[in-house]
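Those protein sequence lines, which keep their order, are chains A, B and C. Each residue of the first sequence is one higher than the last, beginning at 1 in this note's numbering. Each residue of the second sequence is one higher than the last, beginning at 1001 in this note's numbering. Each residue of the third sequence is one higher than the last, beginning at 2001 in this note's numbering.
Calculated directly from the structure, the hints in this document are not laboratory data. None of the values given here were measured: they were computed from a predicted structure. Here a beta-carbon is modelled for each residue, glycine too, at the ideal position from N, C-alpha and C. Watch out, some of these pointers could steer you wrong.
Label-pair restraints from in silico Cβ distances [what the hints assert, rightly or not]:
id: 1; chain 1: A; residue 1: Gln-76; chain 2: C; residue 2: Ser-2187; range: 48 to 58 Å
id: 2; chain 1: C; residue 1: Tyr-2195; chain 2: A; residue 2: Thr-121; range: 48 to 58 Å
id: 3; chain 1: A; residue 1: Ser-40; chain 2: C; residue 2: Val-2121; range: 10 to 20 Å
id: 4; chain 1: C; residue 1: Glu-2047; chain 2: B; residue 2: Arg-1243; range: 54 to 64 Å
id: 5; chain 1: C; residue 1: Gly-2235; chain 2: A; residue 2: Gln-76; range: 19 to 29 Å
id: 6; chain 1: C; residue 1: Glu-2021; chain 2: A; residue 2: Lys-125; range: 40 to 50 Å
id: 7; chain 1: B; residue 1: Pro-1089; chain 2: A; residue 2: Ser-40; range: 26 to 36 Å
id: 8; chain 1: A; residue 1: Arg-129; chain 2: C; residue 2: Ala-2183; range: 44 to 54 Å
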Amino acid sequence: MSMPAIQVTDLVVRRGGRLVIDGLSFAIAPGTVTGLLGPSGSGKTTLLRCVVGVQKVCSGEVRVLGQPAGCAPLRQEVGYVTQSPNAYADLTVEENVRHFAALYGRPKQAATAAVARVGLTDAAKQLFRTLSGGQRARACLACALVANPRVLVLDEPTAGQDPVLRRELWQYFAKLAETGVTILVSSHVMDEAARCDRLLLMRDGEFIADDAPAVIRASAGTDDLDEAFLRLVEAPQLAATASLNGQRTPATPAGVAAGPTAKDGSRANYR
Amino acid sequence: MPTRNFVHVSARVFRELRRDYRTMTLFIISPALVQIVLYGMLSTHPNTYNRCGLIVMGLFPSAPTFLFAAFMVHRERHSGTMEHLLTTPVARADIVLGYIVGFTLPAIVQVAISFAITYGILGIDVAGPWWTVGLLAMLNSVLGVGIGLFATNLVRTEFQLVLTLPVLGVPHLSLSGLFRPYNEMVGWQHAIATFLPWRYAVGALAELKDHTTVNATLLFNAAVTAGICVLLFTVAVQTVFRRRTA
Amino acid sequence: MIFTRITLAIAQRALRELRREPRSFVFLVGAPALLLCVVRYVFNSPEEFAGTGAMMVGVFPAFSMMVVGSIMVVRERNRGTLEAVLATPASRLELVCGYLAAAVTLAFFQALCTTAVAFGVCDLDTASPIWLVGLVAMLSGIFGMSLGLAVSALSKNEGEASHFIPGAMVPQLLISGCFWPVAEMTSWLRTVEGYLPLSAVTRSMTALRENRFGGMSLVYSVIAMLAIIAVSQVGAAASIRRRTA
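Excised from the complex, chain A in its bound form (with noise of 0.2 Å):
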């Protein structure tokens, strides 16, 4: 691919002595949508804050956009909101998004565009305080916006977030894509991976499939992704028990990342 948005090669990582990653190496082409999805306690959450530079590294590199992953010219080009939404409980959504403008030395306009953009104009004047769970990811989400970053890094955005309002996000995410904007998205909701250009199935800090979201399902022979993953999670398991008890291994799904490959991930038209 040409210069790859992010990429990420040996990635060591270690929390409170347990290691959370190990070895892991991937690139992700820009502007496209990529679904990391998994169990919680996979190292979703910690991959992303590598991405972002917010978390402490044992070994390995990540960059993005060519650069080192963290560093002062990046922050103006990446944009990222973390899993529990987090912001000012006092200022009102307006004005949160008003600050992380300034911020980003983005003018007001692009405040009240963002926040338009993930749908809260009505309560543009509310504290954020007062939001409810749905509301206050969008908040958040609009905070990230507002910077027009060029690599977009989402923890499990739609959580929570009724079904219309979801779809109505992950159309915005692909148009954003359109304009060269690289999303990196993560979710246990495995409906959601439908929207994606590409998943990254993530489990005990591993990959266990990387491919176009058809190409997973056809692999693991069946249209529902929750199915697909836990068959792909269960495949290797069957076959040590199978040999454990001297039976013929079942074939395993073709397709299954053998160990962390780079791979482009194909635009397949599935939407």
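Following the hints, complete the assembly by docking chains B and C onto the known chain A.
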């Protein structure tokens, strides 16, 4: 009435405190440090030193237990763990007693160290027996927990909680009798001081400077202090540890 | 102190948050004045009060601002907004200076209130003009905030930061001569007094009380305060970890 269950609450509180090494270090060295400074300040006036040193020795444990109680309980009230605790079968009396024991247990270590330094190294000279001073010090640490729990009712954010420290602490200390004995206060100072918990704590301690045995004044002051504790904990059960909230 | 667009944005935000908590604002601006009144009446007469009172005009603002400053960074960290801000182009020094800039505004109102009460209600009398006393009181407030920010950057939570008050503030209050003249303390304590941060405040206030315009003693103390502010700011910024485990 409290049962043996309070031990579980105390153990949890104590474990949480113990993990915080920096606070524990500060907590243990601060009274010793203050005593040393007092000695250095007042070494030319032994009479004043004996009085101030004695009162500070006995009163100081009240401050850190206040901080522990106020901040930890405030955090629990606002993070939902308090609500969670109140849905379990543990009786409220057990919860209150659990917190009291959990917060005052570390105070024993602090008191022991400050006593060792004040009596042993600095050589303070007071008439009353050290174990009486010790008992009063522990009573004051329990008082600190009560005031801390009460303070969590006055504030909404931790920001405001930390502001209450100087605002409540300085007037309380000024009119407690440390600087000028209660009996010498006049007018409105005297009136306000009558309602301050520390005035009774100091009153009890001051008696030990010149009297070798426990006398009526000391018992009266100690009893009022204990009574204030009971009052504060009753209020706490109704407010901090209320099962149904809006 | 660096004044960039980001520093001002952060200062604006901090002040706006405080405006939404009017109780806290009133507390903060009025607390030193209130405490001054309380202490005044521990003394029998204005003459006895004068020495301690003058010092308190500087110490109480410094103390209350330090108490507030000590939880500012901790609060941001625990709410998660610190991480969000650190992912923006804002540098750590700008963040810390933003808070200090907000403190300048607060310190102004606080000093106004404190000196008004000190000279009007508490019958304080100094050799220096009131406006100079107010100015130094304002600097003391900023000084306190700076020290508080340094403590805050080191603390894990608000409870831990609060223990600095009995642990670090109270000994300084005692040694710097607020309750007992420094001249009557033992020699080693007097030596220590010379090196304490709070002494910069007490010495400058005493200089104001004794000399018209304070003289060289005031100049030295003010320089010391400014130096300590600079060091605290840099220290606070440096101890905020951008990358955490």
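Evaluated hints:
The hinted window of 48 to 58 Å between A/Gln-76 and C/Ser-2187 holds, with their beta carbons roughly 57 Å apart. The hinted window of 48 to 58 Å between C/Tyr-2195 and A/Thr-121 holds, with their beta carbons roughly 57 Å apart. The hinted range of 10 to 20 Å is not satisfied by A/Ser-40 and C/Val-2121, whose Cβ atoms lie roughly 59 Å apart. Evaluation of the 54 to 64 Å hint for C/Glu-2047 and B/Arg-1243 yields a pass: the beta carbon distance comes to about 57 Å.
Checking the proposed 19 to 29 Å range against C/Gly-2235 and A/Gln-76 shows it holds: the Cβ atoms sit about 27 Å from each other. Judged by the Cβ atoms, the range 40 to 50 Å given for C/Glu-2021 and A/Lys-125 is violated: they are separated by roughly 18 Å. A C-beta distance of roughly 30 Å is found between B/Pro-1089 and A/Ser-40, which places it inside the suggested range of 26 to 36 Å. Look at A/Arg-129 against C/Ala-2183: about 53 Å separates their beta carbons, and that is inside 44 to 54 Å.
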